[in-house]
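Engineer: Chains A and B are the protein sequences, given in the same order. Residues in the first sequence are numbered consecutively from 101, following my numbering. Residues in the second sequence are numbered consecutively from 101, following my numbering.
Source of the hints: derived by calculation from the structure; they are not laboratory data. No false leads were slipped in.
Each pair may be met inside one copy or between any two copies, as identical chains are not told apart.
25 Å max Cα-Cα, derived DMTMM-like pairs, lysine to aspartate or glutamate:
1. K224 to E103
2. K224 to E129
3. K126 to E358
4. K126 to D391
5. K444 to E129
6. K126 to E395
7. K126 to E438
8. K126 to E219
Protein chains: 2
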Amino acid sequence: MAEALRIGIAGLGTVGASAMRVLAGKAAELTRQCGRDLVVTAVSARDRSRDRGIELGAAEWFDDPVDMARTADIDVFVELIGGDEGPAHACVKAALEAGRHVVTANKALLAKHGVALAEIAESKGVLLNYEAAVAGGIPIIKTMREAMAGNTVSRVFGILNGTCNYILTRMEAEGLSFDECLKDAQRLGYAEADPTFDIEGHDTAHKLAILTSLAFGCRISADDIYMEGISNISQADIQAAGELGYRIKLLGVAQQTESGIEQRVHPTMVPTASVIAQVHGVTNAVAVETDILGELLLSGPGAGGNATASAVVGDIADIAKSRPGFQHGPVFGRPARELNPYRKARMRSHEGGYFIRLTVHDRVGVFAAVAKRMADNEISLESIVQRAPKSMNGTKKTVILVTHATTEAAVRKAVEGVTKDGHLVDKPQVIRIERAD
Amino acid sequence: MAEALRIGIAGLGTVGASAMRVLAGKAAELTRQCGRDLVVTAVSARDRSRDRGIELGAAEWFDDPVDMARTADIDVFVELIGGDEGPAHACVKAALEAGRHVVTANKALLAKHGVALAEIAESKGVLLNYEAAVAGGIPIIKTMREAMAGNTVSRVFGILNGTCNYILTRMEAEGLSFDECLKDAQRLGYAEADPTFDIEGHDTAHKLAILTSLAFGCRISADDIYMEGISNISQADIQAAGELGYRIKLLGVAQQTESGIEQRVHPTMVPTASVIAQVHGVTNAVAVETDILGELLLSGPGAGGNATASAVVGDIADIAKSRPGFQHGPVFGRPARELNPYRKARMRSHEGGYFIRLTVHDRVGVFAAVAKRMADNEISLESIVQRAPKSMNGTKKTVILVTHATTEAAVRKAVEGVTKDGHLVDKPQVIRIERAD
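Isolated chain A (complex conformation) (with noise of 0.2 Å):
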């Protein structure tokens, strides 16, 4: 048998223990199928006096998680910090340049410093696996580095934040406010005590902004993706969707169109019947288009610990069943240096359906008003539907159209026209529609 695997993990949380504990328990299995035993020699933490519940055995402890990756006696170094900066892009690229394959989970790291610590990783001829920084258990990054091989990608989109998708599972299954679904979350565990920075979008974006890279062999450009979170999604936009035969999911998007790459995050109406809108709670969802393969979509457990120490182990076992001096595919598909620029196309042309919902006063002209600002911004509609809930007394109703194919900028055009009409009660809610089977 080949000589042992040693593994350096770096991080102890929740998806550092859970790994320890998967590579502990399934050793014997783990050695049949990678030929050789995986062996971890080595962790590092904050706090080596905290309990986690787990045998640290005979690894050696490491303050300094650089210090770990530049001098302990490992094969595979697993970054399982967090965060695009400090402790956690110190230690991958010093691992990286001592010539040490990389495991993480870092999803900002990645979205960030992918194409530099590729080009690391690729010049030294070593691995960097992050299977778990996207959409957890999920197999995705496999599936489009090694799997699509030949493919040309044209869309990839994905429920990628089970936070939020839990959160509007919940508000449309209970008819609860997005406040109360939010406090829920926070109360089990599923959202932060700052929710900001998976509801507002920016955990999609990181996602997004890796599976785009894989999608287009383009350069991985976070900053670049239009975003807009679910906090302002409401119980009369869950029903109306329902009525039309839609369910709301933050999703994110990325698309390949004449005028460049679109990347967007953004609450999307997406048909009742496909399967995407079966995909409930936490769990995630990825689709991919393609010109060969046509269209294929993975769902499964977005997050916790367990579920994201899969991924790890995997990615580790991929590095066990490789070889010393042998060189596996590029770490984005294409070898970092090739990597196209990203080009961005403008959101303004983004072309789909859209959803509108107006409160306007209820008062005579108006509906036609509205229609007219549609027609002269040549937007058809699919349907228009008016209300007057009881619950507006009579002095306010709602319009809700759904348009055909049609342009950012034109909805946005259309929409400043109501406004300036004086017609609206409220803020205009606007959503997109995405095609999906």
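Since chain A is already given, all that's left is putting chain B on it; use the hints.
Structural biologist: Same frame as chain A, but now just chain B:
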């Protein structure tokens, strides 16, 4: 750059021609991804003169695929001939024995000879890749063999035959009979002139046998699969399923139970709100449940030249990225010689919910007799519906039972009892219910 990977393709039908087109059309991108050129240097098919709409270029022609496997100047032998014996078996065996990597789309061959072929591959240190053999373009082999390292699988199930799913989808959507839908499927090329292999579950069983080995680390045992096809599914079943919140799918299911491994292929009721219930038409889907990752579902095109070719090219690319002397993981997850013997669970021990539809004489006491037979066999009922549709002219009625979890043995005994009681007008219909999220 490394030397070109030399590829020999045996079988130039739909999939072979598609693979040739992808390898030629995406040559530059594949070279970028793999770090070397991928060149088809040899081909073999039955008829050299046939126009396949592809350029054979400088590839050497072989009339005999076994001859090509042994003597051609190739690194990878791609078998796209089909069939579990004859030339397909002979040439794959010859190629492996000659120390060449093999890529195959042949589920029948692997279901029968997979373990023996894996032993040869592993002893020669070459790869045997077969992503295209199960669920076409869906990367389920890569997912189970690589991404799920360290996971213990409890159940794998899926829609593995596009023909059956197409028929069931149309029956439900359009209220057509099985025979009408089958005829349309044949006209559209989704079903063979002799459709037995698809509609009676044999094709699903071959694919399931491979997934079972990957899931449970056991030897392949396709002959031990319990099998029921979809030809006796009627509109009455589909409509009753819909009313009860279920949809009927032909599933292949493999499950670890206390008494051994269950492998079964049969029409199955899955909850309408589950993800797998939204998989329509010729699309396939596979779900895997494990201890660490949780539940993962993949859906996508399960057949067709391009989707299958995508999987074949992915397999070839994986070989191209490997280097001489490199040994990847074992063919079926663990080394062929260490695969466990297959321990079969008795179908009578299967536990689950059941849908039972009885057509009975419309007379006093029938309902009570049916209920008594269920109670006598300790079957607890979730729902029981009695109906006398007009079409039955007042002489017959329908009794539909949905049971809580019980055993196959109990259900068979109860249904035998009801049959003996002499109340049945027609053959009883029994459809298993499968838990799915």
